[in-house]
Amino acid sequence: MTELFTYLVSGIALGSSFALIGSGFVVVHRVTRVVNFAQGSIAVVGGMLSATLLDGLLPHGLAEPLAVVICGAVGLAVGFLALGRRGTPPLISLIVTLGVSMLISAAIIWLWGQDPVSPPGLDGSTTLLGVTVERQRLLVVGATVLAFTGLALFFSRSYVGKALTASASNPFAARMVGIDVRRMGLLAFALAGMLGGLAGVLVAPTNAVSFYSDLPLALSGFAAAVFGGLVSPLRTLVGGLGLGIAGQLTAGYLNGSYQTEAALLLMLVIMIARSSTFVHEEAK
Amino acid sequence: MIRRIPPKGYLTALAGVAALIAPLVMNDLTFLMRMMLAAIVVTGLSLLMGYAGQASLGQGAFVAAGALTVALGTTRLGLPPLAVLLAAPLVAGAFALLVGPPLLRLRGHYLAFGTLALLLIVQTAMSAFDGLGGAFGISGIPPFGVGSSIFVGQLPYVYLALGCLAVVLVLTHRIVHSRFGRGVRAFAGSETAAESAGVPVMRSKVTIFAISGMYAGLAGALSAFFTPYVSSDSFPAVESFTYVIMAVVGGLGTVWGGVAGAVLVSALLQVLNTVSSQPGLPPTAGPIMQYATYGALLVLALLFMPRGVVSSLDGAFDRVAARRRAGEPA
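Heads up: the sequence lines are chains A and B, in that order.
Sequential numbering from 2 applies to the first sequence in the numbering used here.
Sequential numbering from 16 applies to the second sequence in the numbering used here.
Everything labelled a hint here was simulated from the structure, so no lab data went into it.
You may find that some hints are simply not true.
[To be verified] A few chain B residues facing chain A, derived, Cβ under 10 Å: (1) L101; (2) P117; (3) L118; (4) G123; (5) A127; (6) F128; (7) I136; (8) F151; (9) P215; (10) V253; (11) I260; (12) L296; (13) A300; (14) Y306; (15) L313.
Since this is a predicted model, take the numbers as computed values, not measurements.
We treat Cβ as the ideally placed atom computed from N, Cα and C, and that holds for glycine.
Modelling step: build the complete structure from the supplied sequences, incorporating the hints.
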């Protein structure tokens with residue numbers, strides 16, 4: 002029973018990071034219909050940045066938020082390229098962001114080299130329900146809960162958040178009432194960059210990141226976002242947690258190396274099973 | 016492309032002659048071979064992306080299927096090389112037919128990620144199961160040959176690949192200009208309209224997917240004979256992205272786009288490789304330049320030349336010809 006609890010807790014921590022990256026996909030896709038492939042690369046940049054900043058430059062508590070803000074700026078830059086030309090179809094924008102993620106990989110190797118980097122996180126562990134849990138993993142879960150609450154409040158309560166939702170549901174009507182849809186798109190990219198950066202900052206202390214981690218991070222985040230049909234942050238959270246727990250159970254009871262593949266297979270099944278709904282969503 | 020303008024015929028002939036001479040005068044045959052193999056894969060991908068409007072980020076899965084057919088067929092079953100070379104595209108095509116119907120119910124972003132997931136699953140399967148190579152891969156693939164004449168050195172492989180590329184191009188040309196090809200182009204524009212005009216959309220999609228899988232399988236088979244080693248690391252995701260880059264740079268929806276993209280991108284990478292291996296540069300210069308070039312090429316090509324090199328040149332060509340006819344100085 003303790004074993005099961007261990008897998009559950011570590012699955013929730015892992016799933017939280019999937020959900021954070023996935024929420025970045027959702028925020029951008031809702032507003033612009035673009036899938037931002039660079040989401041994983043931005044998370045890697047977040048982890049690397051926090052490691053550099055923590056290395057004698059800034060104390061804990063300052064370095065991490067700064068890394069997240071810089072990631073927001075990177076996200077904005079990605080947005081400028083992806084939405085650069087009016088009338089670029091979303092699928093072409095996806096391939097543009099694939100190109101951007103390669104540019105970011107080049108920058109990562111240039112600035113940080115090819116070796117994995119892991120910034121210091123919270124040390125030690127606590128006992129929860131009879132299970133020993135690393136404190137950093139609890140921090141991941143806590144930060145994710147905060148981030149999703151923040152997102153929900155932002156979208157439902159703030160003026161800008163409502164403008165974002167308006168641009169998402171009907172760009173034409175939004176433009177009619179004076180909302181700059183293109184600027185909202187860029188804002189969504191910046192917000193997604195911050196979410197990706199946050200995920201990277203939180204994940205890197207327990208799982209070292211390198212330029213090579215962008216693909217697994219992007220894929221697991223996308224898999225989580227698929228549960229939410231690429232539009233719902235809440236269902237993305239549920240999907241991320243589900244994937245994380247499924248992954249940890251596979252790793253624990255079957256074989257550790259099949260963890261990612263279990264998640265990928267699950268994603269494929271969900272996508273194919275729900276494909277008729279997607280067509281409906283795209284037709285809207 | 017439906018009108019046959021003679022000057023373009025000359026260009027095709029010129030390209031053919033250049034391709035026949037190049038292996039004799041160039042030192043780096045490995046580079047040439049890789050370029051030809053990429054051209055074969057990208058021609059199929061261009062057909063899928065440009066004509067059928069479906070994106071695949073995991074074309075390497077079918078390259079792997081072709082390479083595995085050769086590796087397993089020769090080393091485990093002891094089949095003759097010619098038989099496995101012919102079987103490889105069929106196996107890869109059958110694999111595409113198997114995974115195509117569920118995958119192609121996805122479209123756009125979902126299909127792109129779905130095919131990428133397929134590639135990663137194939138990679139894991141190859142490293143996990145000893146029957147597919149396992150951790151050590153499959154080595155000891157015999158050289159290609161028919162009967163008692165066996166290939167020696169790299170040159171015959173390059174010409175074999177060139178021959179295969181020619182077959183693939185002729186086949187692609189025939190497909191594009193057939194009734195089936197017109198139907199495919201119709202559903203890339205609007206599925207509903209094509210469907211109502213009697214085009215069997217789903218079946219056509221799966222067929223095109225299988226054809227592009229067959230081309231990839233053929234390239235994989237040739238690479239397995241050339242390298243002679245196949246493992247789960249032989250088909251990294253970056254290579255499948257490279258195929259997309261080549262297809263986009265060359266121009267989607269043109270028969271020659273795949274070849275043009277493969278030649279341009281390979282040549283550029285080769286130049287960068289030479290530059291980055293100069294003494295005095297850090298060892299990370301290579302990967303930095305490679306990734307930066309890939310990224311910059313994709314972004315710039317898509318934003319400023321979205322129709323690709325071939326279409327852009329084609330357009331310029333037609334404009335010049337039209338101006339000549341109008342009696343203006345070109």
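Structure-based check of all given hints:
For L101/B, the interface hint is violated, since its Cβ never comes within 10 Å of a Cβ in chain A; the closest pair sits about 31 Å apart. Because the closest C-beta pair between P117/B and chain A is about 5 Å apart, less than 10 Å, the hint holds. About 7 Å separates the beta-carbon of L118/B from the nearest beta-carbon of chain A, less than 10 Å, and the hint is met. The beta carbon of G123/B is positioned within 10 Å of a beta carbon in chain A (closest approach about 5 Å), and the interface hint is therefore held.
A cut of 10 Å between beta carbons decides the hint on A127/B: the least distance to chain A is about 6 Å, and the hint holds. Annotation: interface hint on F128/B holds; nearest CB of chain A at approximately 5 Å, less than 10 Å. Given the 10 Å rule on beta carbons, the hint for I136/B holds: about 6 Å separates it from the nearest Cβ of chain A. Interface hint at F151/B: violated, since its Cβ lies 16 Å from the closest Cβ of chain A, which is beyond the 10 Å cut-off.
The criterion of a C-beta within 10 Å of any C-beta in chain A is not met by P215/B, whose closest approach is roughly 18 Å, and the hint is violated. For V253/B, the interface hint holds, the least distance from its beta-carbon to any beta-carbon of chain A being 8 Å, beneath 10 Å. Given the 10 Å rule on beta carbons, the hint for I260/B holds: about 8 Å separates it from the nearest Cβ of chain A. The beta carbon of L296/B comes no nearer than 12 Å to any beta carbon in chain A, farther than 10 Å, and the hint placing it at the interface is violated.
Given hint, A300/B at the interface with chain A, holds; its Cβ is 9 Å from that chain's nearest Cβ, closer than 10 Å. Contact between Y306/B and chain A, as hinted, is supported at the beta carbon level, the nearest pair being about 4 Å apart and thus within 10 Å. The restraint placing L313/B at the interface with chain A holds, with a minimum CB-CB distance near 3 Å, inside the 10 Å limit.
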